[in-house]
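K.L.:
Residues per chain, in single letters:
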Amino acid sequence: MTFDLETDTRLAYVLRLADDLLINSQRLAEFVTNAPELEEELAIANVSLDNLGVAHALYGYASELGGGEESADDLAFLRDEREFTNCLLVEQPHRDFADVMVRQLFFDAWHLVLWPELESSSDERIAAIAAKAAKEARYHFRHSSSWVIRLGDGTAESRRRAQRAVDGLWRFAGELLMSDRVDADAAAAGVGVVPERLADSWHREVRAILQEATLVVPVDPFVAAGGRQGRHTEHLGHLLAEMQYMQRAYPGMVW
Amino acid sequence: MSLPMAHNHRFCAPAANPPPETNERSFVKLRRIHTRGYLNLDHQFDDAAGEAVFDATIAAGEKVEPRDWMPEGYRQTLIRQIAQHAHSEVIGMQPEGNWISRAPTLQRKAILIAKVQDEAGHGLYLYSAAETLGISRDELVNMLHNGKQKYSSIFNYPTLSWADMGAIGWLVDSAAIVNQIALQRASYGPYSRAMVRICKEESFHARQGYSIMLALSRGTEVQREMMQDSINRWWWPSLMMFGPPDAESVHTAQSMAWGIKQYTNDELRQEFINQTVPQAQYLGATLPDPELRFDEVTQDWLIGQIDWEEFWAVVKGNGPLNRERIAHKVRAWEDNAWVREAATAYAAKQAARRVEVSA
Chain A
1 MTFDLETDTR
11 LAYVLRLADD
21 LLINSQRLAE
31 FVTNAPELEE
41 ELAIANVSLD
51 NLGVAHALYG
61 YASELGGGEE
71 SADDLAFLRD
81 EREFTNCLLV
91 EQPHRDFADV
101 MVRQLFFDAW
111 HLVLWPELES
121 SSDERIAAIA
131 AKAAKEARYH
141 FRHSSSWVIR
151 LGDGTAESRR
161 RAQRAVDGLW
171 RFAGELLMSD
181 RVDADAAAAG
191 VGVVPERLAD
201 SWHREVRAIL
211 QEATLVVPVD
221 PFVAAGGRQG
231 RHTEHLGHLL
241 AEMQYMQRAY
251 PGMVW
Chain B
256 MSLPMAHNHR
266 FCAPAANPPP
276 ETNERSFVKL
286 RRIHTRGYLN
296 LDHQFDDAAG
306 EAVFDATIAA
316 GEKVEPRDWM
326 PEGYRQTLIR
336 QIAQHAHSEV
346 IGMQPEGNWI
356 SRAPTLQRKA
366 ILIAKVQDEA
376 GHGLYLYSAA
386 ETLGISRDEL
396 VNMLHNGKQK
406 YSSIFNYPTL
416 SWADMGAIGW
426 LVDSAAIVNQ
436 IALQRASYGP
446 YSRAMVRICK
456 EESFHARQGY
466 SIMLALSRGT
476 EVQREMMQDS
486 INRWWWPSLM
496 MFGPPDAESV
506 HTAQSMAWGI
516 KQYTNDELRQ
526 EFINQTVPQA
536 QYLGATLPDP
546 ELRFDEVTQD
556 WLIGQIDWEE
566 FWAVVKGNGP
576 LNRERIAHKV
586 RAWEDNAWVR
596 EAATAYAAKQ
606 AARRVEVSA
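If you read the protein sequences in the order shown, they are chains A and B. The first sequence lines up with residues 1 to 255 when you count with our numbering. The second sequence lines up with residues 256 to 614 when you count with our numbering.
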């Protein structure tokens, strides 16, 4: 049985999709001018830009769902830390290229399995955005997984760094696969997907890559979660302080 | 809306020297094809004959291609110039990358990321063009890192406000376009073709810069001040981008004889000034030059004295951020050495595995 989803729930669902993408785009863009090769500068900027584009489309839709009171930019630049519902994974800082690519692998694998499902969302707007995002996710996954394989199966040094990244970020990946009431309601209405349903696919994709990379899958039962409820790690506040600087310092202006 | 951006570009016009007669061009082409065949068959081909063909190619306004004979000085000049251009694209990513994380709207952020991405792409085309001259990208990057090759001095200035993203696009990229449109006709084929492609993207960059400035000019008092402050800081350095005055330019005469350069530094600078002054007026901005005046006779905007001491100080390494720009680049390169080593090691393992499989 389906029921009509309350606007607030639909909005919350769209916002968490958008927040994941915006925060990931922001983190990834930090690595621009810090990449190992010029070709990689292009690739990183490209993935960051793709994420930002999908986030922008989702915020645009969220703005409409909210009755237009807040614009897409208001949603991105004027909400506080506690109002952001991105997963903790994407806000995690990186020490090196291994952190960047492992974080991407976990996140890209999530989108690889999520967007094709959302292409059949009963919400036409979400379905349309998902169709575009699904194509991009396949390319992003190819990019991050090929790097994780090279790093894991490269030199002793690169394997050590890749394994450290996997061990450090693994506990933040579980949150992607956990649902709360918003996910459950969105799924019940045919708008969204219950993340747990995608857990097997996510694990299959990620474990296959880690295996090919000769990396060890951590046995860390702990899942760091809370992002979907706005309970973040301390990193998000700093990220937002920087990202929202202009809109906060010069309120109400047109750029 | 009619923007002053749509300036009638002097350098888009056909060459000042009419092209030679068609049959003369074909003759040169024929000789070059013949020469190439001869080269392939017999390596005894001498410099004097090569030089004659090279001179004829330049005189006919045709392109010199990588396989053609060329004077060593020509090759070295091109390597220096193309590498400097490539390095400028790559170092130029830093001052703009400095504002990606703080861009004020989603749209502006997306445009800025795309622009920085384009610059990486331009760096790639240009390094490829330089590689056709028999030097590797690694060698060129190494010469950037150890200071043997330079990049445009403009990128040694800091980006201190969002308006600087506007100023870089509008002033710096427009100045680069004036230079590069002329370089589309450079005598070396790969360089000339890279310029055609790059110019298309650069004009988008200049437009987005001007669009940032327009938004500021139509905004609040604070925004107009931000814009004016940025113009005050970037105007003179933009004019210095065209290099020293003709009288002091050591490379100009030879580069023009070789058809690498089509116009002198001062000619290009004047072209830029003439197109930019009306654009500044449209923004309601003041250019920081009390001597700026219009000459009715020449129809040129004349400027006051450029501070050449500042120019040479920055060229010689004493600009605001010379050390930081290179240090950032070198750090990124060294910090990621292990990534490149991993990629090489993995490729070697894969190659070995393929051999095992096929054996």
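Bear in mind the hints are in silico, worked out from the structure with no lab data behind them. Just so it is clear, CB atoms sit at the ideal spot from N, CA and C, and this is done for glycine as well. Be aware that a few hints might be false.
[Stated by the list, open to error] Below are the SDA-like pairs computed for lysine to any residue, each with C-alpha atoms no more than 20 Å apart in a straight line:
| id | chain 1 | residue 1 | chain 2 | residue 2 |
| --- | --- | --- | --- | --- |
| 1 | A | Lys132 | B | Lys318 |
| 2 | A | Lys135 | A | Ser201 |
| 3 | B | Lys604 | A | Ala156 |
| 4 | A | Lys132 | B | Ala369 |
| 5 | B | Lys405 | B | His583 |
| 6 | B | Lys604 | A | Glu157 |
| 7 | B | Lys604 | A | Thr155 |
| 8 | B | Lys403 | B | Leu415 |
| 9 | B | Lys604 | A | Glu205 |
| 10 | B | Lys604 | A | Ala43 |
| 11 | A | Lys132 | B | Ala365 |
| 12 | B | Lys455 | A | Glu212 |
| 13 | B | Lys604 | A | Lys132 |
| 14 | B | Lys318 | B | Arg448 |
| 15 | B | Lys318 | B | Arg330 |
| 16 | B | Lys405 | B | Ser510 |
| 17 | B | Lys571 | B | Gln336 |
| 18 | B | Lys405 | B | Leu388 |
| 19 | B | Lys318 | B | Asp302 |
| 20 | A | Lys135 | A | Thr155 |
| 21 | B | Lys604 | A | Glu212 |
| 22 | B | Lys571 | B | Ala437 |
| 23 | B | Lys604 | A | Ser201 |
| 24 | A | Lys135 | A | Glu205 |
| 25 | B | Lys455 | B | Gly376 |
| 26 | B | Lys604 | A | Ser120 |
| 27 | B | Lys405 | A | Leu38 |
| 28 | B | Lys405 | B | Asp323 |
| 29 | B | Lys403 | B | Ala535 |
| 30 | A | Lys135 | A | Ala43 |
[Stated by the list, open to error] Sample of chain B residues at the chain A side, in silico, Cβ under 8 Å:
| id | residue |
| --- | --- |
| 31 | Gly352 |
| 32 | Ile355 |
| 33 | Gln372 |
| 34 | Arg448 |
K.L.:
Next, verify each hint and record whether it holds.
P.N.:
Outcome of the hint check:
1. A:Lys132 with B:Lys318: violated (43 Å)
2. A:Lys135 with A:Ser201: Given pair A:Lys135, A:Ser201 holds - Cα atoms ~17 Å apart, limit 20 Å.
3. B:Lys604 with A:Ala156: It holds: about 13 Å lies between the C-alpha atoms, which stays within 20 Å.
4. A:Lys132 with B:Ala369: Holds - the C-alpha atoms of B:Ala369 and A:Lys132 are around 18 Å apart, at most 20 Å.
5. B:Lys405 with B:His583: holds (15 Å)
6. B:Lys604 with A:Glu157: holds (16 Å)
7. B:Lys604 with A:Thr155: holds (10 Å)
8. B:Lys403 with B:Leu415: Violated, at about 28 Å.
9. B:Lys604 with A:Glu205: Distance of about 23 Å is beyond 20 Å: violated.
10. B:Lys604 with A:Ala43: Measuring from Cα to Cα gives roughly 24 Å; hence the hint is violated.
11. A:Lys132 with B:Ala365: Judged against 20 Å, a Cα distance of about 17 Å means the pair holds.
12. B:Lys455 with A:Glu212: violated (42 Å)
13. B:Lys604 with A:Lys132: violated (36 Å)
14. B:Lys318 with B:Arg448: holds (10 Å)
15. B:Lys318 with B:Arg330: holds (14 Å)
16. B:Lys405 with B:Ser510: Judged against 20 Å, a Cα distance of about 18 Å means the pair holds.
17. B:Lys571 with B:Gln336: holds (17 Å)
18. B:Lys405 with B:Leu388: This hinted pair holds, its Cα atoms lying about 18 Å apart.
19. B:Lys318 with B:Asp302: Holds - the C-alpha atoms of B:Asp302 and B:Lys318 are around 19 Å apart, at most 20 Å.
20. A:Lys135 with A:Thr155: The given pair, whose Cα atoms are some 32 Å apart, is violated under the 20 Å limit.
21. B:Lys604 with A:Glu212: holds (13 Å)
22. B:Lys571 with B:Ala437: violated (26 Å)
23. B:Lys604 with A:Ser201: violated (29 Å)
24. A:Lys135 with A:Glu205: Roughly 16 Å separates the two Cα atoms, so the pair holds.
25. B:Lys455 with B:Gly376: Holds, at about 13 Å.
26. B:Lys604 with A:Ser120: violated (42 Å)
27. B:Lys405 with A:Leu38: holds (18 Å)
28. B:Lys405 with B:Asp323: Measuring from Cα to Cα gives roughly 27 Å; hence the hint is violated.
29. B:Lys403 with B:Ala535: violated (37 Å)
30. A:Lys135 with A:Ala43: holds (16 Å)
31. Gly352: holds (4 Å)
32. Ile355: holds (5 Å)
33. Gln372: For B:Gln372, the interface hint holds, since the closest Cβ of chain A sits about 4 Å away, which is under 8 Å.
34. Arg448: violated (19 Å)
Of the hints listed earlier, those the structure fails to meet are numbers 1, 8, 9, 10, 12, 13, 20, 22, 23, 26, 28, 29 and 34, in rising order.
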